[in-house]
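Peer 1: Letter by letter, the chains look like this.
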Amino acid sequence: SQQGEEDPQALSIQEGENATMNCSYKTSINNLQWYRQNSGRGLVHLILIRSNEREKHSGRLRVTLDTSKKSSSLLITASRAADTASYFCATASSGNTPLVFGKGTRLSVIA
Amino acid sequence: DTAVSQTPKYLVTQMGNDKSIKCEQNLGHDTMYWYKQDSKKFLKIMFSYNNKELIINETVPNRFSPKSPDKAHLNLHINSLELGDSAVYFCASSPGGGATYEQYFGPGTRLTVT
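In the order they appear, the protein sequences are chains A and B.
Okay, so the first sequence: first residue is 152 according to our numbering, each after it adds one.
Okay, so the second sequence: first residue is 50 according to our numbering, each after it adds one.
A few of these clues could be false.
Calculated cross-link-like contacts (lysine to aspartate or glutamate; reagent style EDC-like; alpha-carbon spacing at most 16 Å) [as the list claims (entries may be wrong)]:
| # | chain 1 | residue 1 | chain 2 | residue 2 |
| --- | --- | --- | --- | --- |
| 1 | B | K89 | A | E156 |
| 2 | B | K93 | B | E107 |
| 3 | B | K116 | B | E73 |
| 4 | A | K254 | B | D87 |
| 5 | A | K254 | A | D158 |
| 6 | A | K220 | A | E204 |
| 7 | B | K90 | A | E156 |
| 8 | B | K90 | A | D158 |
| 9 | B | K93 | A | E156 |
Don't read these hints as lab results, they were simulated from the structure.
As the structure is a prediction and not an experimental result, all values here were calculated from the model.
Please put together the full structure from these sequences, using the hints given.
Peer 2: Structure below.
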């Protein structure tokens, strides 16, 4: 299975601090995606990074991808209480295979 | 306007019953999905439809039957419900098939089987 594994499982930080979550996977990928899920809600897409890309930014989010280590990281800078959510990475080995989600990292940002 | 909507949001039913969950997307996407999220938040794909045609059918009991009357709708019918079917079911859509595109998720349907 190429299921992504997020690390840590849970993370608690103070507002204003940076939060870093990691995702490791097992086989080669076409792309890797990060999603956020607020409690009781559906998932929201954050960033898609392709296998030939190394870094992408979106607002306060920065995603890196290291295909040699089969890992990705999601950095949220200057965190806010509203960033409290679960964050999932999802991978696919090709454009025709389904996304496989990891188990998520629960982020708590304390005001 | 809600991009991907699901009804009902909550569904409580007894074992052995048959129930349906409806999903609609107004994004004009070609591909729709059903996912199951268990109590540990693990999200697993069940089905994928592209232009009303089934393209992914993961290892799901045949008590689960998706139906796509048009490319904007993908409904999920579940026969003979079991306790283990209790979960949150998410519908999603994307502009194209496979995992090349970002997916847009509905708010989820929490199914409780008693």
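Peer 1: Given the hinted pair K116 (chain B) and E73 (chain B), is their alpha-carbon gap at most 16 Å?
Peer 2: 12 Å, holds
Peer 1: What's the verdict on K90 (chain B) and D158 (chain A), does the C-alpha distance respect the 16 Å limit or exceed it?
Peer 2: 15 Å, holds
Peer 1: Tell me if the straight-line CA distance from K254 (chain A) to D87 (chain B) falls inside 16 Å.
Peer 2: This hinted pair holds, its Cα atoms lying about 10 Å apart.
Peer 1: Given the hinted pair K220 (chain A) and E204 (chain A), is their Cα-Cα distance within 16 Å?
Peer 2: 14 Å, holds
Peer 1: Take a quick look at whether K90 (chain B) and E156 (chain A) sit within 16 Å of each other, Cα to Cα.
Peer 2: Satisfied, since the Cα-Cα distance of roughly 13 Å is no more than 16 Å.
Peer 1: For the pair supplied as a hint, K93 (chain B) and E107 (chain B), is the alpha-carbon distance within the 16 Å limit?
Peer 2: 9 Å, holds
Peer 1: Does the alpha-carbon distance linking K89 (chain B) and E156 (chain A) stay inside the 16 Å limit?
Peer 2: 14 Å, holds
Peer 1: Has the given pair, K254 (chain A) with D158 (chain A), been kept, meaning a C-alpha gap of at most 16 Å?
Peer 2: 9 Å, holds
Peer 1: Check whether the Cα positions of K93 (chain B) and E156 (chain A) lie no farther apart than 16 Å.
Peer 2: 14 Å, holds
Comparing the model with each numbered hint stated earlier shows that all of them hold.
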